[in-house]
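Whenever a hint applies, use it, and build me the whole structure from the sequences.
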Amino acid sequence: MKDFRAELIKTIPPSGIRAFFDLVIGMKDVVSLGVGEPDFVTPWHICESAIFSIEKGMTSYTSNLGLLELRHAIADYLLRMFSVKYDPKQELIITVGASEAMDIAFRAVLNPGDEVIILEPSYVAYAPLVTLAGGVPVNISLIHGDELVVDFEKIESKITNKTKAIFINYPNNPTGKSFRKDELVRFALLAEKHDLLVVSDEIYGELTYDYDHICFSSLPGMKERTILISGFSKAFAMTGWRIGYAAAPHDVIEAMMKIHQYAMLCAPISGQIAAIAALERGNKDVKAMKKEYKRRRNIIVEGFNKLNLYCANPEGAFYVFPSIKRLPFSSEEFCIKLLNEEKVAVVPGTAFGSTGEGFIRCAYAASIENIKEALRRIKDFLQRHDAL
Amino acid sequence: MSNDELKKAILDILVTDAKRSVDDIAAMLQQPKKKIKELIEKMEQDKTILTYKAVINRAKFDSDRTTCLIEVQCSPQRGVGFDAIAERIYKFPEVRSLYLMSGGCDLMLLIEGETMRDVAFFVAEKLATLDHVKSTTTHFLLKRYKEDGFILTGQTNPSRLAITP
Ligand SMILES: Cc1ncc(COP(=O)(O)O)c(C=O)c1O
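Protein chains in written order, with the working numbering: chain A, 1 to 388; chain B, 1 to 165.
A hint or two may mislead.
Derived pair list, reagent style DSSO-like, types lysine-lysine, alpha-carbon separation capped at 27 angstroms [unchecked claim]:
| # | chain 1 | residue 1 | chain 2 | residue 2 |
| --- | --- | --- | --- | --- |
| 1 | A | K294 | B | K126 |
| 2 | A | K10 | A | K28 |
| 3 | B | K146 | A | K290 |
| 4 | A | K372 | B | K19 |
| 5 | A | K193 | A | K164 |
| 6 | A | K284 | B | K126 |
| 7 | A | K290 | B | K134 |
| 8 | B | K8 | A | K372 |
| 9 | B | K60 | A | K290 |
| 10 | B | K143 | A | K287 |
| 11 | B | K7 | A | K294 |
| 12 | A | K306 | B | K146 |
| 13 | B | K34 | A | K290 |
| 14 | A | K287 | A | K372 |
| 15 | B | K37 | A | K306 |
| 16 | B | K60 | A | K343 |
| 17 | B | K33 | A | K372 |
| 18 | B | K146 | A | K284 |
| 19 | B | K53 | B | K8 |
| 20 | A | K294 | B | K33 |
| 21 | B | K126 | A | K291 |
| 22 | B | K42 | A | K291 |
By construction, these hints were calculated from the structure, which means they are not laboratory data.
Written out as structure tokens, the structure reads:
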């Protein structure tokens, strides 16, 4: 029998996270800092609105773009929170998670061979989605020693006449790094100078701990060239509801909608109703979770630095990205040994691009007890390997 | 952060977990340990913090301990309102909490006794016979579903995948 798989698919490597997941599964008493989702359940009032809607028989398709009431609620929210104005009828589409929004964004804008600049380490889906859309991911490392630095000259040097878009994600998974105004302005200048589209994944936008998030499309002149991607998974602890959205100029949304209407038809209605409830009354829940994440961040950052594993203070999301470069192990070896010897699950930095070598990603979407226990075990691990 | 804000943040942590150490609180709030320690001591001294205690699930052990809520209607007294009668009532050790209420009753008491008889005795002999107490309505507590923010009935934490992107 012949191999039925498409050539393109065969070029896409399996996710590094998946491989690691297979190791952890079945292991007992693992303390996991490997989870990229909130450890909170969705606030009850949000669940309750969805349950009520199901009881009322709201179990149908919605319009392709998503419930207009939800699009209105998102437009109001974006204006209130981030001072960006989008037309709910023309410039917003509700998707099955931010994941689908990214997928259809790339498919809607990339011609075969178009290049997309991706800053690494980066969330696992970007480069494969660009490839699947026929584009070419151009990875640029932000790692300088133990630090994360955006080198704009390096980025500019990678821009060719094939470059279509630059992809940014802040606050960032896996590093927790966010961008300040001055950095965003430099991205904006680059985009303008080279006439690039900016795809901005701001799904962790609410979760910044030291200063307010700035939406990329709120910068002067940027709304016209930005696809803003976000969703409800992170800030509202709604990963399983699968609701995200994209906000972009009308023609881009129309193009994305063409794919969405055939591939997805619409996002699940119960999730959309829950999302409306989240925007209407979920602010205090976000605030409470954010307060808790910030305290956990402070504990984990101090913890790693005390262990002499350099860990920058991340501005947002719920990840830290400590350096393990002073140990004689690769990231993957470190994570496998740590898992086998101490039953602590963290993710090798290399799962987020080869530049993540020498780092591990630890999520602090875990209770303080678990974070402290993980740190204790990592301390034992370092001691055993004469690294303390 | 001002001292008042910091005190609020410390209390916010301690009310959910009184065992949280000074070291942890200092790390969580990115403040010097010495300062956290001082502020906690200050709040203990000025009785902002009254005590530290455990929230327990009584269903986990056998106990005849009885709890009831009692609504009390009484006549306020000139000059002192309900304060005088409240004072008479709260001095009984059986009274765990006492609140002045709006609505259908004047005072609400939370009573705990070792047995049902203790509680019945307290209501019949002590409370109902007080001057100015017009009537009492006693509600015995049958089952605790949630205690101080903690759900007590068989709710387990939903499991999550150990590794996700
Ligand atoms: C940066 C980033 N973008 C997007 C997603 C996917 O979000 P959604 O659940 O909305 O598909 C994740 C999930 O981990 C993420 O970390």
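Hint by hint, here is what the structure shows:
For the hint linking K294/A to K126/B, the alpha-carbon distance of about 51 angstroms lies beyond 27 angstroms, and the restraint is violated. Of the supplied pair hints, the one linking K10/A and K28/A is violated, its CA atoms being roughly 34 angstroms apart against a limit of 27 angstroms. In summary, the hint linking K146/B to K290/A is supported, as the alpha carbons are separated by about 24 angstroms, within the 27 angstroms threshold. In summary, the hint linking K372/A to K19/B is supported, as the alpha carbons are separated by about 14 angstroms, within the 27 angstroms threshold.
For the hint linking K193/A to K164/A, the alpha-carbon distance of about 13 angstroms falls within 27 angstroms, and the restraint holds. With a C-alpha separation of about 45 angstroms, the suggested pairing of K284/A with K126/B is violated against the 27 angstroms cut-off. About 49 angstroms separates the Cα atoms of K290/A and K134/B, which puts this hinted pair outside 27 angstroms; it is violated. Between K8/B and K372/A, the direct Cα distance comes to roughly 24 angstroms. Compliance with the 27 angstroms bound is thereby established for this hinted pair.
Simply put, K60/B and K290/A have alpha-carbon atoms about 33 angstroms apart, too far for the 27 angstroms limit, and the pair is violated. In summary, the hint linking K143/B to K287/A is not supported, as the alpha carbons are separated by about 32 angstroms, beyond the 27 angstroms threshold. Between K7/B and K294/A, the direct Cα distance comes to roughly 17 angstroms. Compliance with the 27 angstroms bound is thereby established for this hinted pair. Taking the CA atoms of K306/A and K146/B, the gap is about 39 angstroms. The hint is violated against a cut of 27 angstroms.
Distance check on the hinted pair: K34/B and K290/A sit about 26 angstroms apart at the alpha-carbon level, within 27 angstroms; holds. Between K287/A and K372/A the CA atoms are separated by roughly 23 angstroms; this keeps the pair inside 27 angstroms, and the hint holds. For the hint pairing K37/B with K306/A, the CA-to-CA distance comes to about 21 angstroms; that is within 27 angstroms, so the pair holds. Of the supplied pair hints, the one linking K60/B and K343/A is violated, its CA atoms being roughly 31 angstroms apart against a limit of 27 angstroms.
Straight-line distance between C-alpha atoms of K33/B and K372/A comes to about 18 angstroms, which keeps the hinted pair within the 27 angstroms bound. A threshold of 27 angstroms between alpha carbons decides the hint, and for K146/B with K284/A the separation of about 21 angstroms falls inside it, so the pair holds. A threshold of 27 angstroms between alpha carbons decides the hint, and for K53/B with K8/B the separation of about 19 angstroms falls inside it, so the pair holds. At roughly 18 angstroms between alpha-carbon atoms, K294/A and K33/B fall within 27 angstroms of each other, so this suggested pair holds.
Taking the CA atoms of K126/B and K291/A, the gap is about 47 angstroms. The hint is violated against a cut of 27 angstroms. Between K42/B and K291/A, the direct Cα distance comes to roughly 24 angstroms. Compliance with the 27 angstroms bound is thereby established for this hinted pair.
Of the hints listed earlier, those the structure fails to meet are numbers 1, 2, 6, 7, 9, 10, 12, 16, 21, in rising order.
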